[in-house]
Structure formats: C-alpha cells, structure tokens
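The residues making up each chain are set out below.
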Amino acid sequence: MSLFRPARTVTTPSGEYWELYVSKTVLPEWREGRPGSHEADTWPVAAGLLELPLALVEAIWSGLVRPLLRVAVLLPGAWLSGRRSRAIRIEALRPYPSRRVLLWTTTEGQVDGVLEEIAAGLAEGRVVQPVGAVYSGQTG
Amino acid sequence: MSDSPYDLVDDLPPGAGRVAAWSAYALQTYGDKVMAHPGGSYEARDEARAVADACHTLAVDCVRCARSPEGEGGLPGRLPRWRTPLRDAEQLRGMREALEALRIHIAYDLERRGGDEAPGAELRTELAHVDERLAKVELLWIERPPPELRGGIGDALVTGLDRAYALGQRLASG
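Each protein sequence line maps, in turn, to chains P and B. When we follow the working numbering, the leftmost residue of the first sequence carries the number 27, and every step to the right adds one. When we follow the working numbering, the leftmost residue of the second sequence carries the number 98, and every step to the right adds one.
Any given hint could turn out to be false.
Restraint-style ranges between C-beta atoms, simulated for each label pair [unchecked claim]:
{"#": "1", "chain 1": "B", "residue 1": "TRP238", "chain 2": "P", "residue 2": "ARG126", "range": "28 to 38 Å"}
{"#": "2", "chain 1": "P", "residue 1": "SER40", "chain 2": "B", "residue 2": "ARG146", "range": "47 to 57 Å"}
{"#": "3", "chain 1": "P", "residue 1": "ARG57", "chain 2": "B", "residue 2": "GLY137", "range": "27 to 37 Å"}
{"#": "4", "chain 1": "P", "residue 1": "GLY74", "chain 2": "B", "residue 2": "GLU240", "range": "56 to 66 Å"}
{"#": "5", "chain 1": "P", "residue 1": "GLU142", "chain 2": "B", "residue 2": "SER165", "range": "53 to 63 Å"}
{"#": "6", "chain 1": "B", "residue 1": "GLY137", "chain 2": "P", "residue 2": "PHE30", "range": "45 to 55 Å"}
{"#": "7", "chain 1": "P", "residue 1": "ARG126", "chain 2": "B", "residue 2": "ASP100", "range": "53 to 63 Å"}
{"#": "8", "chain 1": "P", "residue 1": "VAL91", "chain 2": "B", "residue 2": "GLY137", "range": "36 to 46 Å"}
{"#": "9", "chain 1": "P", "residue 1": "ALA149", "chain 2": "B", "residue 2": "GLU229", "range": "44 to 54 Å"}
{"#": "10", "chain 1": "P", "residue 1": "VAL157", "chain 2": "B", "residue 2": "ARG221", "range": "16 to 26 Å"}
{"#": "11", "chain 1": "B", "residue 1": "GLU187", "chain 2": "P", "residue 2": "TYR122", "range": "40 to 50 Å"}
Simulated from the structure, these hints should not be mistaken for laboratory data. Idealized CB from N, CA, C, for every residue including glycine.
Bound conformation, chain P alone (with noise of 0.2 Å):
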C-alpha cells in the first residue's frame, strides 16, 4: 500500500492507461494562494521600478512555497489519522489525456477484492461500484 506508488495499472480497451493507488491517507490538498492582489495603480513610481521582482517573489510564493509549507504541515496529521483508521482508499489515475481521479472507500477486510473488481471493470472499459466499497465519483 503506497500513496506513491501504483498498486496496479490497467488499460482500457480503447487504450486510455490509468494507475490505481491504495492508501490509508487522505493527502492535503495543493491550494495555490493568489498572486498579484494588490493595486499597481496606488504604488508609487519608484515602487514601480521593484514591481516585476516583487511580483516574481510573490508568485513563487503563493505559487509554490505556500503551498509545500501547507501540505508539509498538515501532511503528518492526515497520515497519523490514516494510520488510525480501518478505511482504505482506493484512486485509479487517468494522467493524460486529460487528468481524472476516481475515488473509492472501502475498508482493509475489502481491499483486495475491491481492487480486483476496480482494474477487471477498468480492463473492459467500465467504472464499477463494488459492494463493499463507497464510490465517490471524480476527485481532485
């Protein structure tokens, strides 16, 4: 069971390739701040001069430190929780040509049961609904 590593790969038949990852935690969610908030137009001319390297900081980060500091700071607690509970989720991961997830809950008694029914029904082309699994539909 890895959050990094695919636990089967399967390709429909109309050739789409997608990933099927099993874990027990829920990763934090990427959530980009937005740069640019502030008014060029209230800025002083000379504060003008510093805009293009301001708005380079600013951009790197909202765009990416903020984010890895979130993720890197919530991330412990969500695998603690993960660690804790009985319930399994199972994504299979479409990456091209257009990205899509799909998310189901189970629980450990159901997971390799689970997991075959996903990628057979992904093999004919076919999202299922296994019984001992909640389907959640697309994620992410």
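On the provided structure of chain P, position chain B as indicated by the hints.
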C-alpha cells in the same frame, strides 16, 4: 387491544388496520432507535430529535388509524427524512438497529405466512433486497468511518429502511 405500536401490529388480522399498525410499529421503532443513538454533536442531537419526534407523531396517527373501524386514514408513504445528508457513526448505529428490528419482524411474518405461492415468493425476493442493503452495511462497518463510508452506509440504510417499511405494509395487507 393494546395502544402500543409494538403490540398492536400482532393483535390485528391482515387488512387495512394491520397495515396501519405495521406503519405505526415501523415509525415507533425507527423513532426509538434514533433517540437511543442521537449522535455526538449538538447539531446532530437536534436533528435526531426532530426525526424521532416526526416518527413518534406519525406513529400516533397510524395507531389511531389502525383502531378505526375500517383502518381509514392516510399513512405516510415513507419514513421521515434527515435534513442533512451525512449521519455520524452513532446515528448510523441507531438506523442499523432499526432496520435489523424491522427485518426480523418481516422475516418472522413471512415464515408464519408460509406457502410457496407467487405473492409469497415476490415478498421473499423483496426481503432479499433488504438483506442486500444490510450486507453492504456490514461490509462497510468500521470504527470511526470517514465521511465517504458514512455516506455509503447511510444511503444503504435509508434504502433498506424504505424497502422494509413498504414490504411490511404489503405483508400486513394480507
């Protein structure tokens, strides 16, 4: 004749009066189980109280209906609904206990009725659908279920309760 919904259903012969008495029994059972497991938060308990109150009020109406000469009066078409979609784990326990209680009553009635005639077979098929809902709940039942599982368990219980309620009415009609 008893005024308690728990006894009345067994006192009446098949027909309109017994259908009303079954409805009262199902509503009383659901209301009591919901009240016994109202949930953890203030909001959850508040909502549980509203559902239980609705059940108990409707149960009284159904008893009145069952005791009337021809069993006249409108019966609720289904059990009262919750305002919000997600139940907490304790509320799910109450709903599950209610469904198990209704299922036992229906299975006992079906057994007592006996016979292999077509209506009986149809009713048994319907009971199998209720059992499927209970089996799904059993498969998903864990301690501290996350919202996704609670949603799935809640949906299975609501469907099962609705089917059991309707099946009990059909069975009581004779």
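Here's how the hints hold up against the structure:
no.	hint	verdict
1	TRP238(B) - ARG126(P): 28 to 38 Å	30 Å, holds
2	SER40(P) - ARG146(B): 47 to 57 Å	52 Å, holds
3	ARG57(P) - GLY137(B): 27 to 37 Å	29 Å, holds
4	GLY74(P) - GLU240(B): 56 to 66 Å	60 Å, holds
5	GLU142(P) - SER165(B): 53 to 63 Å	56 Å, holds
6	GLY137(B) - PHE30(P): 45 to 55 Å	35 Å, violated
7	ARG126(P) - ASP100(B): 53 to 63 Å	58 Å, holds
8	VAL91(P) - GLY137(B): 36 to 46 Å	38 Å, holds
9	ALA149(P) - GLU229(B): 44 to 54 Å	26 Å, violated
10	VAL157(P) - ARG221(B): 16 to 26 Å	20 Å, holds
11	GLU187(B) - TYR122(P): 40 to 50 Å	44 Å, holds
Hint compliance for this structure: hints 6 and 9 are broken, all remaining hints hold.
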